[in-house]
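Just so you know, the sequences run in chain order H and V. At position 234 of the first sequence (counting the first as 1) the number is 241 in the numbering used here, and the numbers step up by one without a gap. At position 30 of the second sequence (counting the first as 1) the number is 37 in the numbering used here, and the numbers step up by one without a gap.
No lab work stands behind these hints: they were computed from the structure. Just so you know, even glycine gets a beta-carbon here, dropped at the ideal spot from N, CA and C. A few of these clues could be false.
[To be verified] Computed Cβ-Cβ distance ranges for the label pairs, DEER-style:
{"no.": "1", "chain 1": "H", "residue 1": "THR22", "chain 2": "V", "residue 2": "ASP148", "range": "33 to 39 angstroms"}
{"no.": "2", "chain 1": "V", "residue 1": "THR260", "chain 2": "H", "residue 2": "ILE88", "range": "41 to 47 angstroms"}
{"no.": "3", "chain 1": "V", "residue 1": "ARG253", "chain 2": "H", "residue 2": "SER151", "range": "20 to 26 angstroms"}
[Said to hold, decoys possible] In silico DSBU-like links for lysine-lysine, alpha-carbon gap of 30 angstroms or less:
{"no.": "4", "chain 1": "V", "residue 1": "LYS70", "chain 2": "V", "residue 2": "LYS114"}
{"no.": "5", "chain 1": "V", "residue 1": "LYS64", "chain 2": "H", "residue 2": "LYS70"}
{"no.": "6", "chain 1": "H", "residue 1": "LYS114", "chain 2": "H", "residue 2": "LYS70"}
{"no.": "7", "chain 1": "V", "residue 1": "LYS70", "chain 2": "H", "residue 2": "LYS64"}
{"no.": "8", "chain 1": "H", "residue 1": "LYS114", "chain 2": "H", "residue 2": "LYS64"}
{"no.": "9", "chain 1": "H", "residue 1": "LYS70", "chain 2": "V", "residue 2": "LYS70"}
{"no.": "10", "chain 1": "V", "residue 1": "LYS64", "chain 2": "V", "residue 2": "LYS114"}
[Said to hold, decoys possible] If you want the ones that stay clear, here's a sample from chain V, every Cβ over 12 angstroms from chain H, calculated:
{"no.": "11", "residue": "GLY90"}
{"no.": "12", "residue": "PHE159"}
{"no.": "13", "residue": "SER162"}
{"no.": "14", "residue": "ASN169"}
{"no.": "15", "residue": "GLU204"}
{"no.": "16", "residue": "THR215"}
There are 2 protein chains.
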Amino acid sequence: MTTPDASSEKPTKITEVPPGIAPVVILVEPQLAENIGMTARAMANFGLSELRLVNPKNGWPKKGVREAASGATHVLDRATIHGSVAEAIGDLHYVLATTARERGQMKRVFAPEAAMGELVAREGQRNAVMFGRERVGLTNDEVSLADAIITFPVSPDFPSLNLAQAVLLVGYAWRQASGRAVLPFSGELLSPPATREALMSLFGSLETALDEARFYPPEKREIIARNMRDMLHRMSLTEQDVRTFRGALRALTRKGT
Amino acid sequence: MTTPDASSEKPTKITEVPPGIAPVVILVEPQLAENIGMTARAMANFGLSELRLVNPKNGWPKKGVREAASGATHVLDRATIHGSVAEAIGDLHYVLATTARERGQMKRVFAPEAAMGELVAREGQRNAVMFGRERVGLTNDEVSLADAIITFPVSPDFPSLNLAQAVLLVGYAWRQASGRAVLPFSGELLSPPATREALMSLFGSLETALDEARFYPPEKREIIARNMRDMLHRMSLTEQDVRTFRGALRALTRKGT
């Protein structure tokens with residue numbers, strides 16, 4: 008039993024972000040199949056597709072990794088295996104190392120968003136983000152091979168971030184920095200907004216109905232009517248809403264006769 | 008075997024964000040222990056601590072959930088169980104529903120950052136973010152109980168986001184919107200930057216050494232020297248770096264004599 012909501016295994020076509028644009032993700036000595044699979048899934052969620060594994064513990068491929076990837080098998084199938092960090096980064100131009108703690112190395116330290124801004128500015132170069140072992144992270148020697156550091160603004164009460172969660176945050180930040188963070192749908196009106204004429208006519212009908220129902224004490228009629236107009240304005244009614252509201256009002260007044 | 012890098016089970020003290028400030032997280036009919044545990048962990052990473060579960064599938068507590076929480080048991084221990092969304096949200100003032108697809112409901116649709124900006128602006132109210140079932144999300148009826156919608160800017164090639172990953176992104180966005188996204192360490196210089204005097208003296212020593220080593224063709228001496236000064240400037244050397252560099256240069260020139 009591994010992970011979540013596994014979707015079907017039909018192959019994913021990569022059409023949005025061709026390889027070579029998003030950063031390469033390098034996992035150094037990852038141990039758990041769940042983490043590698045969830046890393047692949049998190050990468051695919053945001054358009055990253057190039058995964059490099061440095062000496063995955065207990066061999067490769069790992070049992071359970073495909074299930075944990077939940078359909079992101081195109082990332083796993085293209086993953087490459089390397090014997091050392093030096094070998095894994097040889098062809099790259101700019102490499103960031105993630106670390107949760109200060110290393111006493113004089114490198115620039117970035118939050119994920121600022122780091123991905125740097126990568127996007129280096130368009131055309133081959134860039135990567137490197138993640139360390141589940142328990143102990145990257146060694147100081149491995150960090151020393153990176154150009155700069157990424158760290159995460161975690162709560163000091165509970166700073167331990169899961170490996171695949173860290174990859175997710177970097178992928179998300181890259182998507183935002185690269186201008187691809189478009190929502191799959193918007194909150195556009197399904198019907199045009201009501202004209203002020205339609206709205207004022209609705210106010211009139213409502214107030215007339217309430218007059219007839221003797222809702223208002225006469226001395227408070229004006230102030231209550233204004234408050235109710237306020238309430239209706241706050242609803243940002245559409246044309247369809249006004250029709251629905253009018254229908255409901257008609258039904259209620261019919262019932263009263 | 009469940010999840011990642013489980014840390015020790017010593018109780019976590021919540022000192023950074025007292026309950027009542029960060030949004031409540033509501034999981035509706037979550038199925039997998041891994042997802043609930045990883046949700047608790049992701050919440051704790053960013054200072055969220057109030058978890059409500061609506062009808063968790065196959066009962067509660069679930070086997071494996073504590074392991075998946077990897078130490079964030081303070082979130083699980085305080086989690087409350089509810090029979091319906093209506094019951095779970097009764098005492099709240101503003102509720103956001105996460106959904107991956109358009110629902111034909113005329114609600115505002117937010118990216119996580121914008122949504123969390125709304126919540127932060129409602130400080131003092133009790134707010135929540137609601138997440139649906141692993142495979143099918145929230146029902147339209149459940150979404151209709153929310154004030155507005157959050158959706159995620161995922162890749163159209165691979166939009167399926169894991170439940171705990173979605174919680175992580177919301178928690179991260181809340182941390183940023185609430186001004187708490189401080190990095191645990193910075194890239195401050197470990198030694199003061201070198202003065203220009205120290206740097207110019209280093210240029211002088213280096214150029215003298217290279218003159219003596221007959222490195223420069225005479226007609227190119229000036230241009231090469233300027234290029235090397237450029238290289239050294241790009242290093243943003245500290246006082247300590249200049250001392251190290253001078254030492255290395257002395258060692259190299261000693262060797263040559």
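Hint by hint, here is what the structure shows:
1. The beta-carbon spacing between THR22 (chain H) and ASP148 (chain V), approximately 35 angstroms, falls within the hinted interval of 33 to 39 angstroms.
2. Taken as a hint, the range 41 to 47 angstroms holds for the pair THR260 (chain V) and ILE88 (chain H), whose Cβ atoms sit roughly 44 angstroms apart.
3. The given range of 20 to 26 angstroms is respected by ARG253 (chain V) and SER151 (chain H), whose C-beta atoms sit roughly 21 angstroms from each other.
4. With a C-alpha separation of about 37 angstroms, the suggested pair LYS70 (chain V) and LYS114 (chain V) falls outside the 30 angstroms cut-off, and the hint is violated.
5. With a C-alpha separation of about 26 angstroms, the suggested pairing of LYS64 (chain V) with LYS70 (chain H) holds against the 30 angstroms cut-off.
6. Straight-line distance between C-alpha atoms of LYS114 (chain H) and LYS70 (chain H) comes to about 37 angstroms, which puts the hinted pair past the 30 angstroms bound.
7. About 26 angstroms separates the Cα atoms of LYS70 (chain V) and LYS64 (chain H), which keeps this hinted pair within 30 angstroms; it holds.
8. Under the criterion of a C-alpha separation no larger than 30 angstroms, the hint pairing LYS114 (chain H) with LYS64 (chain H) is consistent with the structure, at around 29 angstroms.
9. Pair hint LYS70 (chain H) plus LYS70 (chain V) holds up; C-alpha atoms about 21 angstroms apart against a cutoff of 30 angstroms.
10. Straight-line distance between C-alpha atoms of LYS64 (chain V) and LYS114 (chain V) comes to about 29 angstroms, which keeps the hinted pair within the 30 angstroms bound.
11. Under the 12 angstroms C-beta cut-off, the non-interface status given to GLY90 (chain V) relative to chain H holds; the minimum distance is some 23 angstroms.
12. In this structure PHE159 (chain V) is not separated from chain H by more than 12 angstroms, as the shortest Cβ-Cβ distance comes to only about 8 angstroms.
13. Look at SER162 (chain V): its CB is around 4 angstroms from the nearest CB on chain H, not clear of 12 angstroms, so calling it non-interface is violated.
14. A cut-off of 12 angstroms between C-beta atoms contradicts the statement that ASN169 (chain V) is not in contact with chain H; the least separation is 5 angstroms.
15. Every CB of chain H is more than 12 angstroms from the CB of GLU204 (chain V) (nearest about 21 angstroms), matching its label as outside the interface.
16. With a minimum CB-CB distance of about 27 angstroms to chain H, THR215 (chain V) clears the 12 angstroms threshold, and the non-interface call stands.
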